[in-house]
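Novice: Sequence:
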Amino acid sequence: MPKSTELKEFFEGNTKIYYYSGEISKNLPVFFNPNKFVERWITVFFAKAYFKKEFTFLDALAGTGIKALRLLIEVKKCKKAIINDINKKAFELIKKNIEINKDKLEGKIIEIYNKDANILVRELAKKDKIDWIDIDPFGSPIFFLDSVSSVIAPRNILSVTATDCGVLMGKYPKKLYAKYGIFGKKSFLAHEFGVRCLLKVILENLMKYEKFMKVLFVFHDKHYYKVFIEVKKRGWKDIYNYIDKNLGFVKIDNNDFEILSFEEIQTRGRVTFKKIMGPIYIGPLFDKYLVKEMISIAKKDKVYKKIQILKNIEDEINIDIPFFFNLDLLSKELKKSSVPIKKVLELLRNNGFIAYRTHFDEKGIKTNAKKKDIIKLLETL
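If you count the sequence shown from 1, you need to add 26 to reach my numbering.
Simulated from the structure, these hints should not be mistaken for laboratory data. Note that the structure is a prediction, hence the values are computed from the model and not measured. Treat each hint with caution, since some may be false.
Below are the BS3-like pairs computed for lysine-lysine, each with C-alpha atoms no more than 30 angstroms apart in a straight line [what the hints assert, rightly or not]:
| # | residue 1 | residue 2 |
| --- | --- | --- |
| 1 | K115 | K78 |
| 2 | K205 | K277 |
| 3 | K248 | K368 |
| 4 | K332 | K34 |
| 5 | K332 | K128 |
| 6 | K211 | K74 |
| 7 | K240 | K358 |
| 8 | K201 | K211 |
Label pairs and their in silico Cβ distance ranges [stated by the list, open to error]:
| # | residue 1 | residue 2 | range |
| --- | --- | --- | --- |
| 9 | I126 | A179 | 32 to 42 angstroms |
| 10 | Y235 | V329 | 54 to 64 angstroms |
| 11 | K105 | P60 | 35 to 45 angstroms |
Backbone N, C-alpha and C define an ideal beta-carbon position, used for all residues, glycine too.
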């Protein structure tokens with residue numbers, strides 16, 4: 027049997043599955059990435075922190091089914107999971123993985139489907155109450171957002187993964203515009219810009235159905251972005267107010283940035299998009315109290331030590347504003363050696379500024395200081 031079609035056992039949390047081994051690519055019979063443990067663990071921590079009542083989870087593009095199974099087994103409030111994949115081999119593997127975990131699934135309700143995700147979510151909306159829909163494709167989620175947005179109910183959770191980070195961060199400007207309707211290019215803001223592009227597109231799809239969103243938690247890890255949002259529905263006046271506060275543009279110039287609202291773009295007269303990128307989501311990325319609860323739960327598990335992202339986000343929630351400065355770039359601009367980030371944070375705080383690390387860039391700092399303030403302080407070192 028070729029190596030790429032061998033079934034192997036995999037353990038994560040309290041869950042055991044079988045998966046097809048081989049090079050991690052879309053050519054696997056059923057796609058599964060063992061190294062994406064951060065996303066699955068954070069999903070479990072999110073569920074434990076957010077849901078105070080029993081909930082139903084829909085994994086619309088489930089692959090092996092591991093995410094839904096982990097929620098069923100490890101989160102008491104998860105009473106029902108709907109697990110779907112259009113791939114026939116995935117469907118059979120999901121059944122196998124349910125069977126090997128059946129002793130841990132007593133009292134839980136499971137439905138499995140072998141359907142197109144877009145068709146399934148529309149069908150289920152007519153008969154089932156679904157509290158949380160997860161969209162986790164190989165590549166872009168753009169092909170699933172319209173159908174999900176059309177049926178998802180207010181106060182429900184939508185979590186979305188995107189693995190086309192190169193496009194979203196602006197590495198391929200024409201493709202970014204063609205797929206997502208955003209002007210952009212790769213910059214030092216790369217991954218946070220990519221997450222904010224993804225959020226813009228989710229919001230855009232929701233607004234078509236008179237809905238908007240509250241962003242609860244986001245993160246970037248290696249090759250993918252993940253966002254968790256709560257769906258909101260009010261009148262058009264509320265949606266217009268939301269647009270005014272949360273959609274805008276970013277101007278990039280000489281290792282610096284400026285956030286521009288829709289209104290500012292309209293009043294500036296002639297605008298060149300050589301330096302201005304967007305439209306993007308410019309609102310908060312975290313629900314501070316939810317994140318604190320997630321981290322509190324995570325710290326009780328030994329796996330917390332392996333998830334550096336959560337440690338950095340614990341700092342980042344203290345200054346939840348758009349974008350950051352890259353210290354290496356600023357040091358290079360001054361023709362100085364790079365200064366340890368800890369020392370710069372301390373210097374900024376001692377001078378009355380708010381400053382914290384960001385998980386989007388290991389050399390990035392989020393601060394209410396302007397570039398000129400940071401430069402001035404760096405010159406003293």
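Novice: Now look at each hint and say whether the structure bears it out.
Specialist: Hint check results:
1. Distance check on the hinted pair: K115 and K78 sit about 35 angstroms apart at the alpha-carbon level, beyond 30 angstroms; violated.
2. Note on K205 and K277: the hinted pairing holds, with a Cα-Cα distance of about 21 angstroms set against a maximum of 30 angstroms.
3. Distance check on the hinted pair: K248 and K368 sit about 23 angstroms apart at the alpha-carbon level, within 30 angstroms; holds.
4. Straight-line distance between C-alpha atoms of K332 and K34 comes to about 23 angstroms, which keeps the hinted pair within the 30 angstroms bound.
5. Restraint check for K332 and K128: satisfied, since their Cα atoms lie roughly 29 angstroms apart, inside the 30 angstroms limit.
6. For the hint pairing K211 with K74, the CA-to-CA distance comes to about 37 angstroms; that exceeds 30 angstroms, so the pair is violated.
7. With a C-alpha separation of about 38 angstroms, the suggested pair K240 and K358 falls outside the 30 angstroms cut-off, and the hint is violated.
8. Of the pairs offered as hints, the one joining K201 and K211 holds, with about 10 angstroms between alpha carbons and a cut-off of 30 angstroms not exceeded.
9. Distance hint check for I126 and A179: the Cβ-Cβ separation is about 33 angstroms, which falls inside the suggested range of 32 to 42 angstroms.
10. Separated by about 38 angstroms at the C-beta atoms, Y235 and V329 break the suggested range of 54 to 64 angstroms.
11. At roughly 28 angstroms, the beta carbons of K105 and P60 sit outside the given window of 35 to 45 angstroms.
When the structure is compared with the earlier hints, violations turn up for hints 1, 6, 7, 10, 11 and for no others.
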